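K.L.:
In case you want the letters, here they are:
There are 2 protein chains.
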Amino acid sequence: MLAIGIDIGGMSIKIGFVNERGEITHRFRMAVLKGVSQGQIMKELGDLVNAEIEDAGLHYSDFIGVGVGCPGSINTLTGRCDFSPNLDWHDLDIVGMLSSSIGLPVRIANDANAAMLGEAMFGAGKDFKNLVLLTLGTGVGGGVYIDGKLFEGNEGKGGEVGHTIIRLGGRQCSCGLRGCFETYASASALIADTKKAMKKNKDSKMWDYVHGNIDTVNGATAFECAKLGDQTAMEVVENYEMWLTYGIVNFCNIFRPDAVILGGGISGQKEYLTRPIEEKLAELHYGFPMTPKVRILVSKLGNDAGILGAASLAFEKVQNQ
Amino acid sequence: MLAIGIDIGGMSIKIGFVNERGEITHRFRMAVLKGVSQGQIMKELGDLVNAEIEDAGLHYSDFIGVGVGCPGSINTLTGRCDFSPNLDWHDLDIVGMLSSSIGLPVRIANDANAAMLGEAMFGAGKDFKNLVLLTLGTGVGGGVYIDGKLFEGNEGKGGEVGHTIIRLGGRQCSCGLRGCFETYASASALIADTKKAMKKNKDSKMWDYVHGNIDTVNGATAFECAKLGDQTAMEVVENYEMWLTYGIVNFCNIFRPDAVILGGGISGQKEYLTRPIEEKLAELHYGFPMTPKVRILVSKLGNDAGILGAASLAFEKVQNQ
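Those sequence lines, one after another, are chains A and B.
All residue numbers in the first sequence are consecutive under the numbering used here, ending with 321.
All residue numbers in the second sequence are consecutive under the numbering used here, ending with 321.
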């Protein structure tokens, strides 16, 4: 059986036909144009999916269902996108519109929660039943997987791991509060901290690494220069890992996951990122050594995380029925 | 049907026979004497329960099972108390010993998690499917109830809500870290903050309230004097409620509970405590107003929370089978 995974982004919608092994057998995309109404976009999306099923020589009976990952505030009970700031969508009945145009069961989730399920079903979390995903990007997205099932919270609006406060009164967050986890642990935070450290330390090797152009600093700059032994870079990395670890301590004390999966560009640092966190964590979380060891893993789905996460929603729905 | 609820405390073990409406039909207790071995205590406990069943003229077939709430690190998979610092118990096979002596199914949980289930099944949470319990005492205990089931985390060791860091680098916590929620939101924290404010403000009405004896300050002092309009007391209360609210924001952003139940002596302040938190919360949690409204309630089980929580473990086990 196949599932249709629909990954809605700010610029385009990516769609894939996905088999039960998590392989994308067919993929296509649709642009999200400014000025086109939300209803029109849903109509075109349904038509496109129907046309691609036909073009691929497939039948509706080949599909188990459709999964949709969508940014913003998604109500999983009603199947509606209540509000998506980036897309400027309001109260859009995505499940209703797509299920009537495609004629298959449709399940929707917040995109970060969908990515969590994708990693659990097809990615780094395949061997575990209790997981937390942290995607380190502009903010910190992610989700929670409990007892072999995606945990989405009431109405599907939980799992906002990036917006847990770890330092009350601390850094200003885009959500309006101060001290949210993502203001310390996101890639944006790491980049800002890297630049700040460079400005204070003009002799840091990081200046050579970016050829004197501080605007090209990215999430790898401090890591790569720390590997070269640059003291300033090492401090930036240690500090960043400290923030990340303390945030993870909180999730461990609540969830006791088997593993925490790190995603986003920074997770490309692999063991260089995960090993220090795993070691610090063992010392820090409450009740250690009486609590289960928590592994720190890196995401495996890469660029296909969105499509596979969305498709996994359709597979999980059927498994649970 | 009846369940046997066993509430293990540092000084004594309280036991109750509980019916499906959450009424305690028979109760008794056993002292936990220093110097008596952990194995001996379990043997005596089993004998006592058997004798009380007989004395009450009941039969084993009247009972659905036994639930045990125990402080410390409890492994719900093995049924053992891995470590309980207050009792000085180590690797004690509570489920194994009690089920073989009593001859009924036994389920164990950490006492705070058991209390959560008790409130959900018989107390303030009866009408809700998604709950967080915060017991404001020496520390902050509590637990999480998700989708109509107790959430205990991997091995049953999760739900340590008091040990989530809300202010990294902040107040020293007994767990060794700094800035845990309980260092700001526990009754002990409120009492310490009250005393501090009194020492700074010798003309506060709180001095009259405690007849000049600062050692008698308790969790009600600041609340009662704030009601009389004392400025210092009002500041202490506002500050305390602010900490509590921010901690609750974190749990809302992860769990989106229908309600948060507050327990412990301070919850006796009822609306005076809950209304300001409910109002602040509506402004603060991420994604509001698109997320479900969270009610703030006070615990209803009072002194029987331990026995009823323990008994609820036995009832839930059967319901889920």
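Treat the hints with care, as some may be off.
Here are the simulated SDA-like cross-link-like pairs (lysine to any residue), alpha carbons at most 25 Å apart as the crow flies [stated by the list, open to error]:
id	chain 1	residue 1	chain 2	residue 2
1	A	K149	B	K317
2	A	K43	A	K126
3	A	K195	A	K149
4	B	K126	A	N75
5	B	K317	A	G148
6	B	K293	A	L104
7	B	K195	A	G169
8	B	K126	A	L77
9	B	K293	A	K195
10	B	K293	A	P71
11	A	K293	B	K195
12	A	K126	B	L77
Pairwise CB distance ranges (calculated) [stated by the list, open to error]:
id	chain 1	residue 1	chain 2	residue 2	range
13	B	T78	A	R29	31 to 37 Å
14	A	H59	B	K149	34 to 40 Å
15	A	R171	B	E279	23 to 29 Å
16	A	H90	B	T78	49 to 55 Å
17	A	N50	B	K149	50 to 56 Å
18	B	Y272	A	G302	51 to 57 Å
19	A	G148	B	K270	37 to 43 Å
20	B	G148	A	S61	31 to 37 Å
21	B	N218	A	T216	57 to 63 Å
From the derived model, a few chain B residues whose C-beta atoms are all more than 12 Å from chain A [to be verified]:
id	residue
22	G9
23	E155
24	G158
25	I166
26	G170
27	K195
28	D203
If you're looking for bench data, these hints aren't it; they were derived computationally from the structure.
A quick note: this is a predicted structure, and the numbers were derived from the prediction, not measured.
For every residue, glycine included, the Cβ atom is placed at its ideal position computed from N, Cα and C.
K.L.:
Checking against the hints above, which ones are violated?
P.N.:
Those not satisfied are hints 2, 3, 6, 9, 11, 13, 17, 23, 24, 25 and 26.
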